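S.K.: Okay, here's what each chain looks like letter by letter:
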Amino acid sequence: MELTHENVLGKIISTFGEENIWDAFNPDGILTITTNRETIHDLIKYLRDDKELQISFLTTMCGIHFPGQGDKELCLMYQLHSLRHNYRIRIKVFMPASDPVMPTMTDLYATANWMEREAFDFYGFKFTGHPNLTRILNIEEMEYHPMLKQYPLEDQTREDKINTYFGR
Amino acid sequence: MATENKTAELTELEQFRKEHGLAIHEERQLTTLNLGPTHPATHGIFQNILQMDGEIIVDAVPTIGYIHRAFEKIAERRPFYQITPLTDRMNYCSAPINNMGYHMTVEKLLGITVPKRAQYIRVIMMELARISDHLICNSILGVDSGAFTGFLYVMQEREHIYDIYEEVCGARLTTNMGRIGGMERDLSPKALHMIDEFLKRFPKVWAEFEKMMTRNRIFMDRTTGVGAISAERALSYGFTGPNLRAAGVDYDVRVMNPYSSYEDFEFEIPVGSKGDTYDRFLVRNEEVWQSLKIIEQAYKNLPEGSYHADAPHYYLPPKQAVYTSMEALIYHFKIVMGETDAPVGEVYHSVEGGNGELGFYLISDGGRTPYRLHFRRPCFIYYQAYTEMIKGGQLADAILTLSSLNVIAGELDA
Chain A
0 MELTHENVLG KIISTFGEEN IWDAFNPDGI LTITTNRETI HDLIKYLRDD
50 KELQISFLTT MCGIHFPGQG DKELCLMYQL HSLRHNYRIR IKVFMPASDP
100 VMPTMTDLYA TANWMEREAF DFYGFKFTGH PNLTRILNIE EMEYHPMLKQ
150 YPLEDQTRED KINTYFGR
Chain B
0 MATENKTAEL TELEQFRKEH GLAIHEERQL TTLNLGPTHP ATHGIFQNIL
50 QMDGEIIVDA VPTIGYIHRA FEKIAERRPF YQITPLTDRM NYCSAPINNM
100 GYHMTVEKLL GITVPKRAQY IRVIMMELAR ISDHLICNSI LGVDSGAFTG
150 FLYVMQEREH IYDIYEEVCG ARLTTNMGRI GGMERDLSPK ALHMIDEFLK
200 RFPKVWAEFE KMMTRNRIFM DRTTGVGAIS AERALSYGFT GPNLRAAGVD
250 YDVRVMNPYS SYEDFEFEIP VGSKGDTYDR FLVRNEEVWQ SLKIIEQAYK
300 NLPEGSYHAD APHYYLPPKQ AVYTSMEALI YHFKIVMGET DAPVGEVYHS
350 VEGGNGELGF YLISDGGRTP YRLHFRRPCF IYYQAYTEMI KGGQLADAIL
400 TLSSLNVIAG ELDA
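Taken in order, these protein sequences are the chains called A and B.
All letters in the first sequence, in the order written, are residues 0 to 167 by numbering that gives the first Met the number 0.
All letters in the second sequence, in the order written, are residues 0 to 413 by numbering that gives the first Met the number 0.
Worth flagging that the hints you see were computed from the coordinates, not collected in a lab.
Model, not experiment: these values are computed from the prediction.
Yeah, the Cβ is synthetic: ideal placement off N, Cα and C, and Gly gets one too.
Please note: incorrect hints may appear among the correct ones.
What the hints assert, rightly or not - Quick list of simulated restraints, FRET-style, between CB atoms:
1) A:P145 - B:P202: 41 to 49 Å
2) A:P66 - B:T112: 17 to 25 Å
3) A:P145 - B:Q81: 17 to 25 Å
4) B:T213 - A:P95: 56 to 64 Å
5) A:P95 - B:H312: 47 to 55 Å
Unchecked claim - In silico contact screen, one side only, chain A against chain B (beta carbon under 7 Å); selected entries:
6) P26
7) D27
8) L57
9) T59
10) C61
11) I63
12) L82
13) N85
14) Y108
15) A109
16) T110
17) N112
18) W113
19) L136
20) M146
21) L152
Extracted from the complex, chain A is given alone in its bound form (with noise of 0.2 Å):
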């Protein structure tokens, strides 16, 4: 069977309901859809195991931080390669900053263990059932988690660097 965004997003909607699966798009050539937390471990699950489906190879995941957001503040990015049939697949979650709990892929694929610590170690996110979820990156003694966008990059003290000067 030819993969195409109908086909697939057909096959995921008639499979886990339209309640589950919102907002598909195709930003750059990448089947881009929503879902809630408790469907993504089915989901991820459905597209490795499905037959015609085949999409098999968890290729990157990352966290995004959208700050003022409520509800969609944090975002867990997915994204799935079919390696058969040379098809993309992008899934996000989203969830409020004060409840980033996750369920962990690292039944599903070996590699969502360290992508899974790097996102917490970033972010903040918790994997449950991950089985060494610790930071991966920052040091141990690190109190918070650095790539959410209320921590600045540069030094917000110093005095001799004008904002003005640098288009900022």
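Mind docking chain B on chain A? Use the hints.
M.R.: Showing chain B alone in chain A's frame:
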């Protein structure tokens, strides 16, 4: 007093073992060995705390992040053109691939089409980078198994590749090569001559290197069956590039999702069967020949035309025009000060890096900087399989496995 200290140390060690789930086998007298962070045999800053039973590795705990420089965070504050130097410092053995992968990502966001000539020049530079990357990996593998000669011999060729980089962009290691929209200058006659010379000289060198290593009894004994991984496990671990192909999966971004005119060239994708150190060596060896083939085709068929796209908002005008023409001055100022806003969008672009699929996931909210830029770094993703690959093997094999995986610390930690 001395005894007290000793007890305290022991408990600390036991504490560590407990925290990391390293089993304590009283009857087997295991040793805990700290390999790294700056061990001369690991070629980079990696720490592995090994649990050893004599020479056999029972368990390993890798620690990474020693050269983490927060590139993803820094990128959120920089105008697009200032991010290229960050990408140099990821896989510093093949910096041009990273540069151009990033440029192509931004071009995809901006909707810029690059002229054929620029695409071919990019292909030449990327394949030169791939050769220099594989050449380091394979010759270091020789060093780790006791053969220093091959390394010194081919290192000279890497210098020649760096000379070509220098002629094309002015830098050798961290190249910052090309611009968003193409190359910053055309290939000079001297650069063309150097590429021609390289194409004539290098095959002989590489054939000699192969002759020395490939059927070498000592080398084969040291590498065959060492650090093997099955195709299934490799895919589950997210392997890409030569390491995945050594396990028998013919996934190559250049063929599956051609970019920068790779569809114009004829080349083959070598695959291995067992996924062990020897297969990885052979796959890289063959890929060097294929890269040479691509360079040859691109060099012979180099199209005429411009070496950059017509994108004045993003591509710096020539410096002499800045002093004489008003438009050029304005564009120059706006680009250098980072005043140009990019369109809103979300793109993913991946290139076949030296070690696998190097992906850039870019979200733009319409500002002067990326809203989020995520690097899919192949080294980071496959290094987590290292523990599984060395378990049950010997310490000397673990060193060889690490070099044959070609884990680059800069790309691992970003």
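S.K.: Run every hint past the structure and note whether it holds.
M.R.: Now for the hints, and whether the structure bears them out:
Evaluation of the 41 to 49 Å hint for P145 of chain A and P202 of chain B yields a pass: the beta carbon distance comes to about 48 Å. The given range of 17 to 25 Å is broken by P66 of chain A and T112 of chain B, whose C-beta atoms sit roughly 35 Å from each other. Taken as a hint, the range 17 to 25 Å holds for the pair P145 of chain A and Q81 of chain B, whose Cβ atoms sit roughly 20 Å apart. In this structure the hint that T213 of chain B and P95 of chain A lie 56 to 64 Å apart at CB holds, the actual value being about 58 Å.
For the hinted restraint 47 to 55 Å between P95 of chain A and H312 of chain B, the CB-CB distance of approximately 38 Å leaves it violated. Interface restraint check for P26 of chain A: the shortest CB-CB distance to chain B comes to about 4 Å, inside 7 Å, so the restraint holds. With its C-beta approaching chain B no nearer than about 4 Å, D27 of chain A sits inside the 7 Å limit, and its interface hint holds. Interface hint status for L57 of chain A: upheld, as the beta-carbon distance to the closest one in chain B is roughly 6 Å, under 7 Å.
The restraint placing T59 of chain A at the interface with chain B holds, with a minimum CB-CB distance near 4 Å, inside the 7 Å limit. For C61 of chain A, the interface hint holds, since its Cβ comes within 7 Å of a Cβ in chain B; the closest pair sits about 4 Å apart. Taking 7 Å as the C-beta contact cut-off toward chain B, the hint placing I63 of chain A at the interface holds, the least distance being around 5 Å. For L82 of chain A, the suggested interface contact is upheld, since its CB lies about 5 Å from the closest CB of chain B, less than 7 Å.
The criterion of a C-beta within 7 Å of any C-beta in chain B is met by N85 of chain A, whose closest approach is roughly 5 Å, and the hint holds. At a threshold of 7 Å, the smallest CB-CB gap from Y108 of chain A to chain B is about 6 Å, leaving the interface hint in force. Interface restraint check: A109 of chain A against chain B, minimum CB-CB distance 4 Å, threshold 7 Å, status holds. Taking 7 Å as the C-beta cut-off, the interface hint given for T110 of chain A holds, the closest approach to chain B being about 3 Å.
Interface restraint check for N112 of chain A: the shortest CB-CB distance to chain B comes to about 6 Å, inside 7 Å, so the restraint holds. The interface hint given for W113 of chain A is met, as the beta carbon of that residue sits about 5 Å from the closest beta carbon of chain B, less than 7 Å. Interface restraint check: L136 of chain A against chain B, minimum CB-CB distance 4 Å, threshold 7 Å, status holds. Interface restraint check for M146 of chain A: the shortest CB-CB distance to chain B comes to about 6 Å, inside 7 Å, so the restraint holds.
Residue-level restraint check for L152 of chain A holds (minimum Cβ-Cβ distance to chain B is 5 Å; threshold 7 Å).
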